[in-house]
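With the working numbering, the residue at position 274 of the sequence shown is 274, and numbering never jumps.
By construction, these hints were calculated from the structure, which means they are not laboratory data.
It should be emphasised that the depicted structure is a prediction, and the values quoted were computed from it without experimental measurement.
C-beta: ideal position from N, C-alpha, C; glycine also.
Some hints could be false.
To be verified - Here are the in silico distance ranges between beta carbons for each label pair:
| id | residue 1 | residue 2 | range |
| --- | --- | --- | --- |
| 1 | Asp397 | Asp303 | 14 to 22 Å |
| 2 | Lys427 | Lys311 | 46 to 54 Å |
| 3 | Ala411 | Lys391 | 33 to 41 Å |
| 4 | Val192 | Pro119 | 21 to 29 Å |
| 5 | Lys427 | Ala277 | 49 to 57 Å |
| 6 | Lys311 | Glu261 | 43 to 51 Å |
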Amino acid sequence: MADAKTEERPVDMIEVNWRGKAYLMTEEDAATIRQNIVNELRPYVDALSKSLKVNAKIHEEYLETAQLKDGFLNAVSQMIVMKVANVRFPNVALATRASSAMSKVEAVMSEKKLVQLAPALQEAEAAINAYRTDTERFLKELGASAQTTGTVLSVTTAAGFAVLGAVGAGMLVVGGASVVTAGAISGASVKVLQSAAEEVGRAATGQEVTVWESVQKIVMDGVVGAATGAIAGKIDAKLFAPAAAAAAKKVAGRLTYFTAEQAQTMLANFLNGSGQAIVVSAATEAVETLGEMAKSGKVPTEDDLWKHFEKFLIASLAGGVMKNFEFGEERMLGAAAQVFETKYVPDAVKKIVAAAMPSSSDLKKIALTVFKALTEDVGKSGANAVVAGAKGDESADKLSALGLAGIDRDANIKRLIDAEVKAELKKRKIAVK
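Starting from the given sequences, assemble the full structure and let the hints guide the process.
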């Protein structure tokens, strides 16, 4: 009799409405189903968490580099590259939102809080995907490589997660059935809802996040402002144009016949070509100097960087390529003076003199006088030719040859020579045509 009475005692049951139908389960079976759902979702939640951690790690590593925690050279290099390319760090607000959303998910990953899990997962999914997208944007702008296979985490969302709310929000049905009847009804309901739990699990299966092991900080190897894989395979001329211009103006005074603009053009050609090593050297020295400054307790500024870069660049140029320019200018004028004496002036005299040619001694004197009168014109003509034809890495002799060839092609110089020769002959009382 006791057993019959026990079987006839009404049993509290949980009502779950799922896809338009009501399912009844015992509280114990409902708790089991809820726990099964939590277990099925664990790999997916872990994938979300892993995605967040990977993105946060990348973000943190680049921030630490920028904050001088990974070597001053890399930090300043990265700063320059990001400034030139207008690269923005991942949004900190997105990182904070993703981290907070993930914490909410972990806080409700239990069968007793299942009703809160669906919205928490959807919020975390959206927040982490937004953060991931911004991180990928940052890496692409920076030029770093990244493997992001398996990072699409928006497969399941509302349709799949609906069972969480349905099971989690079950209503208690008091005295719904006897023990025997309740067991039978609950068993049938469990079968359906267990299938729903597995459906969520299948949707979440395979949500793996490949760690972005290929993502690396920019490797400078001493090349400041020229990230090997970020901006270009070589130094970006745009980065150094202002400093090169300033340096050119300061060293241009050492050249007699080149204007500041011409000196700047030659230096730009040089710096964009074989002179990159000098730029790298000057920039590296500047960064090392700022590194020592930082170690001493003074925080360097961007102005400090450019000031020292310009200083070292000017020193390098003055001791190297500018000497070639100076020597080339001197040799060009020396060679031009000889051509005036041996060819230009004698040829002009032959055309202009009305009687006998002057003696060789007088021709030399006339040539010297004419050259002195036209030295500035000759120098500028040669400078124009050098600027037009030089790459900036030529030897002094090559620069001299370029200038001399330009002078020889300059019809205006020939006209000026004729005019000066005629005037000089008249001064010497030598009849002209």
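Hint-by-hint comparison with the structure:
Hint check: Asp397 to Asp303, Cβ distance near 40 Å, so the stated range 14 to 22 Å is violated. In this structure the hint that Lys427 and Lys311 lie 46 to 54 Å apart at CB holds, the actual value being about 51 Å. A hinted range of 33 to 41 Å for the beta carbons of Ala411 and Lys391 is inconsistent with their spacing of about 26 Å. Take Val192 and Pro119: their Cβ atoms lie about 24 Å apart, and the range 21 to 29 Å holds.
Our hint of 49 to 57 Å for Lys427 and Ala277 holds, since their Cβ atoms are close to 54 Å apart. Against the hinted window of 43 to 51 Å, the Cβ-Cβ separation of Lys311 and Glu261 comes to about 22 Å, which falls outside the hint.
Violated hints for the displayed structure, listed by number in ascending order: 1, 3 and 6.
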